[in-house]
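Asker: Chain by chain, the residues run as shown.
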Amino acid sequence: MKIDVSHVTKQFGSFAALAGVDLEIKSGELVALLGPSGSGKTTLLRIIAGLEWPDEGQVFFDGTDALARSVRERHVGFVFQHYALFRHLTVFENVAFGLRVKPRRRRPDEAKIRAKVHELLDLVQLRPLAERHPNQLSGGQRQRIALARALAIEPSVLLLDEPFGALDAKVRKELRRWLRHLHESINVTSVFVTHDQEEALEVADRVVVMDKGRIEQVGTPEEVYERPATSFVHDFIGESVVIPVSVADGALHFGGGRLALDSQGVHTGDARLFVRPADIHVGPPDDAPLKGTVKRVHGIGSARRLEIDLVPAYSIEIDASGTGATPGDLIGLTPNRYRVFAVGA
Amino acid sequence: MSVSVGTLVSHRKKPADAARAVRSEPALVRWTVVAIAILFLFVFLVLPLATVFQQAFSRGLGAYLAALAQPDALAAIQLTLMVAAISVALNLVFGLIAAWAIAKFDFPGKSVLITLIDLPFSVSPVISGLVFILLFGAQGFFGRWMQDHDIQIIFALPGIVLATVLVTFPFVARELIPLMQEQGTQEEEAAISLGASGLQTFFRVTLPNVKWALLYGVLLCNARAMGEFGAVSVVSGHVRGETNTMPLHVEILYNEYQFAAAFAVASLLALLALVTLVLKAVLERRLDAE
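Protein sequences, first through last, are from chains A and B.
Going by my numbering, the letters in the first sequence line up with residues 1 to 345, in that order.
Going by my numbering, the letters in the second sequence line up with residues 1 to 290, in that order.
In case anyone wonders, no lab produced these hints; they're calculated from the structure.
Take every hint as true, because none was put in to throw you off.
Calculated lysine to aspartate or glutamate pairs in the EDC-like style (CA-CA distance at most 20 Å, straight line):
| hint | chain 1 | residue 1 | chain 2 | residue 2 |
| --- | --- | --- | --- | --- |
| 1 | A | 212 | A | 52 |
| 2 | A | 26 | A | 205 |
| 3 | A | 102 | B | 189 |
| 4 | B | 211 | B | 284 |
| 5 | B | 211 | A | 93 |
| 6 | B | 104 | A | 52 |
| 7 | A | 102 | B | 188 |
| 8 | A | 173 | A | 196 |
| 9 | A | 26 | A | 223 |
| 10 | A | 173 | A | 202 |
| 11 | A | 102 | A | 73 |
| 12 | A | 26 | A | 62 |
Interface residues of chain A toward chain B, partial, derived using beta-carbon atoms under 7 Å:
| hint | residue |
| --- | --- |
| 13 | 78 |
| 14 | 84 |
| 15 | 86 |
| 16 | 88 |
Virtual Cβ for every residue (Gly too), placed ideally from N, Cα, C.
With the rest of the complex left out, here is chain B (with noise of 0.2 Å):
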């Protein structure tokens, strides 16, 4: 999690270029740790990305293309498309009133409330899917109450919606927070003082206010929530074609030693984090121009 936890503040602002001035040391020296960072890169990150779409491939585009055409593949990219979809739409909205309420407004338990929403990066992500096992499952706390009225949520769709929504909870927040508390209130009292109602206030002023960092959280929301393993994984039950979501569809298919196809599924994973990175590239340019 620390790597997400410096992406997030990396687009902040950058160093002013001082560094001519202070730099001194050796052309060797500063080539030979050059290249060790680049090496360091290159076999931690080019080089693994690399094998997965070099295995993808390695029985051709046909066997490719199949893996991908198979029925519990395309099961397992629906489900996933289905959990993001919802999970980020639910924490779009979350993490914009959390943000809102904190940053606009002073009320006791604020600084608990903020330490809660980055609980979810201090825990273990099997801990988050446990949760709800231990709420929900058939021996949990409302186990037997769930029974009685038939609501089935471990095992099911709205088991993996919790269990990411709640991994997935201060990716918009966190991008948020910071900026509304630096913005103040001053533009939001003086739309109503102009004779804005709140909802006006709210979409005319806040929401355009703060648009870039909120896509950009959403962007971090939506990349993780697609790749969530371990909190899916305690609560989806692994059933093939129902309950599996590509990162699981994945594992199975690698223990079941289909290589290529397990890869040819994990390809559009790093597909994704390619496209993730490319747009997050994008939008700190416009964050910072901000």
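This is chain A alone, in the form it adopts within the complex (with noise of 0.2 Å):
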């Protein structure tokens, strides 16, 4: 199903939590909606699952309003953060309660619900569990059942709540890459909320990142880490040295010097110069754009670091797995791709 969310506001109090956002979800996609806390995101999800209504704007299933039906009506499978299973049910029941709960005339006989809440379990790798209890599981395990039972009401949208916050590193990990071959299985139209870049990264077929309430950029896990369309993603999505420099007569400046580095068309002003640690090549001082003192190495081998202090007075850290530069050294730096942003941009 096609989700439109279009200018939708939502106030806490005097906290924007949404400040007007417009966003289309493709059928079938699944779309990571990624930023820090108190971005909106989980807001946003809230509004699609109608747990939340906005105050402005619309929501749109398929075409229709989807403001006009309840969260009852709307068929979305929702998977809570903290899983919010059923405490007093078994895993079984958990999984069956969605089918319990239809009116009378459309409930599946008690045959249909078992061979479902079967399949369902088989589909989650968690069958011989059908009997226990949601504290006799692990977090991984609970995690899925959650999933299990929002499936069951074979929903039109899935919407997951920070669906691996919850869980240590190794299980995350795994249960990532089930989640990416789960939606590839079934197809449903699949929207996450987290904080976690990597995770968005990657799971998502597209990745929506969002900060103060707007959305920042929408894009497929490369365009927002290679292509960034504003400052706040650069620094957000991977790692980035941000360098303060000011445009001025369409040329960089740094420290009262101009630098060799294209302005990108930045107006003339304060701005930010980005660049990806591993970007930026280190060499001799001569030619280089910038120059600076190794004031610290730490790490070895790939993870060797170098702590610089950039002329005339800054200072970054970069990667530098291939120098050999000591502490002491004068060295060079040429950043090999970069961005430039105008302050607040």
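Two chains, two frames, a set of hints: combine them into the complex.
Answerer: Okay, structure coming up:
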């Protein structure tokens, strides 16, 4: 199912959780809402689900007005951050819940319910645990039961709030891959919220980067990583070395000197130069646009990093796996790829 | 009241057995402290309880049963059971609704409501009874109107029930609020997103999640409802065989120097307390397991 979110705003007291959000999610897509806490990503997910209502704006499911329908009628599968499994019911009954509460004329008979629940438990590979209670399961198992429970109602949209947030690193990675495969096999439109960029970039077809109630960029994982649209995205996704610069006469200036770098069309004023640490080439100081003194070297091999005091004054840290620089050396730094953003852009 | 407030909290998490490491007092000190505690318990709890039963049976089993079979005693027992049944049922519903509203929703005046729920614990029961005299008594606020319409509240069953409901209101609500707040609303949201109606959500999710705490609250509420003296005494009018509950009946018999009969009825209340204690212990175990 296709989801259209248009001009949605939501205010909690004086805090603007969403400040005019437009988003289009294609049918069958797996989309990640990525942002720091307070960016509005969970609020947006809950509005799509119908657990929260926007102050303004509209939400459409396949072109029909979703806001006219309650969460009960929207037919969404929602997986909660802390799973929200029914603690007094067994795993089997948790998964069967959505089938048992259907109106009588649409409720499947007991044999059909059993078959459906067993099919779902097989899908999440937890059939042997059917008679356990939620408090007897590990975090990863609870997560998969929550997913099976949401899938029982055959939802047209699957919404997941920080699905891996409460799990330890190893289980996270496994479940991530597993969710990706699950999505490929059931192909239901899915949206998940995360603050973990690695998770979003690895799992999602498209990533929606949010900050302060606004969407900063929507794109494939490659697009948001390789071509960040704003300084926030560059800073939030992947590692960035940020150097304060200024633009004057169409050229970049740093510490009073003119840099031999392109200003990328940024208007006159304060700006910031963003470079991925791995995109900085370390060489002799002669012709390099930036020069600095190596202050400290830490790590070994591929994790070797240099702390550098730039000339005249600013300190940065870069990857330096290939260089033999030692503290005290004067070196030249050439950004192979970089982005310039005006301050506030 | 401080006792029951204490018991309300006591079944929560017990501290781990870390005492061993810090227990360095000499044996003599330890045993003295334990002995004092046991002696205190014996003098103030066990001895009075034993006396009740000893006095009740002081004239033999025949006199004991005769005292209970007396029409006024039977009427008192019947009235007490009826008052308890009505007030516990009402407070079960009120308490559940109040706890639900407080735990699951945000609304202005919520903290005031939480404070108000505790009011009956901090007000003397006599005041709780007097309030209804002031409202519904002959000289009371609604007194004239009620006389005109021939409605009898004070010195009748409705008055006794009202006073009991007021005094016992906090038990169910207080037991449920912290548990429901801790559980949050996610399970309800999950139920609704799976297509459950409001009623289905309540009966399939909310209620089962608090059933032991609810039973616990009902148990304490019932014990207090049957044993309440002060508030009921003010509104009852002490009409023998009609508006006397068991505690009031005990007092009347005692004042008339019918000690064996008084203690016979009192022994039933003491028995209720013992049964309540046992059930409480069982429920606490269930609550801890949850």
